[in-house]
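Given the sequences, and given the hints that come with them, work out the whole structure.
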Amino acid sequence: MATILGVSALYHDAAAAVVRGGEIIAAAQEERFSRRKHEPRFPVAAIAYCVAAAGGPDAIDAVAYCEDPVLALWATARFSPMRGDRTVKATSTCASSSARTGGRLRPSCWPNVRANSSN
Amino acid sequence: MLAERSREFFELSGESPYMLLVADLREPVDWTGLRHGDGDMLKLLTQKRSLLPGITHVDYSARVQTVDFERNPSLHGLMSKFDEITGCPVLINTSFNVRGEPIVCTPADATRCFLNAGIELLSIGSQLAFKRQQSAELRAIVGSVEHEPD
Chain A
1 MATILGVSAL YHDAAAAVVR GGEIIAAAQE ERFSRRKHEP RFPVAAIAYC VAAAGGPDAI
61 DAVAYCEDPV LALWATARFS PMRGDRTVKA TSTCASSSAR TGGRLRPSCW PNVRANSSN
Chain B
1 MLAERSREFF ELSGESPYML LVADLREPVD WTGLRHGDGD MLKLLTQKRS LLPGITHVDY
61 SARVQTVDFE RNPSLHGLMS KFDEITGCPV LINTSFNVRG EPIVCTPADA TRCFLNAGIE
121 LLSIGSQLAF KRQQSAELRA IVGSVEHEPD
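Quick note, the sequences are listed as chains A and B, same order. For what it's worth, my numbering labels the leading residue of the first sequence as 1, then goes sequentially. For what it's worth, my numbering labels the leading residue of the second sequence as 1, then goes sequentially.
FYI, nobody ran anything at the bench for these hints, they're computed from the structure. The C-beta atom is built at its ideal place from N, Cα and C for all residues, glycine as well. Do not take every clue at face value.
[Claimed, not checked] Calculated Cβ distances over 12 Å to all of chain A for the following chain B residues:
1) R26
2) M41
3) H57
4) M79
5) E84
6) T94
7) I119
8) L121
9) G125
10) A140
[Unchecked claim] Using C-beta positions, here's what the derived DEER-type ranges look like:
11) A:M1 to B:K43: 53 to 59 Å
12) A:A52 to B:L75: 22 to 28 Å
13) A:A53 to B:S126: 19 to 25 Å
[What the hints assert, rightly or not] Here chain A is said to cover these stretches of chain B; the calculated rule only asks that three of the stretch's residues, wherever they fall, bring their Cβ under 8 Å from a Cβ of chain A:
14) 96-102
15) 143-150
This is the structure we're talking about:
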């Protein structure tokens, strides 16, 4: 039975989970460990907790990420023209990107970005 | 809510072990005062809506967690005892944190939150701690953390 580590990161509420044969072995949000509400940073502590619960790194067969990172990067970069050379940095800070998108999960330019990237 | 008694209180056919389901309260619901706020909307909003006012939403529903012995024997035991003493098999379950703070993760987080918030009694595993018995030294060791309002 495949054991899969899932990761969500770099936008808001970074988190990790491990599933095995459709059963959730462990799941955790990074904010619990970092003590920062809605922690967006890469969930190192949450991953460590979930992987340990699954029986260690050797027990993990595959890792899944919550979105296409290239599309996400483009979406955020295109949505913040005022940022200039700071756009890439902005993708890794939850509070600023969340404020710009008005709390929505995706910026309004998302459909265009998707079309451009797949061409 | 003690799982075995949930049907007495809620319109809930199955179980809700992770507090994911909302269910309507069964009778007896206290309808007194409904539509009578004397023009005071706040009064209308905050009026008692059932025998379990602390968990009853404005539409007479509640978010239910059914607690069964198999999954959680200790909490089930606590709630059974509470039921025995009070006749009420329901407790309010709120998150262990203060506003702006992530939910506590470690015993140290729990102790810090306990000492700095209006909590009188802390239970971790088999340990019980009363706020009034805690020393100033412990408060100094644990410290406090400021949280940005969300």
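| task | Check each numbered hint from earlier against the structure, then list the numbers of those it violates in ascending order. | result | Structure breaks no hint.
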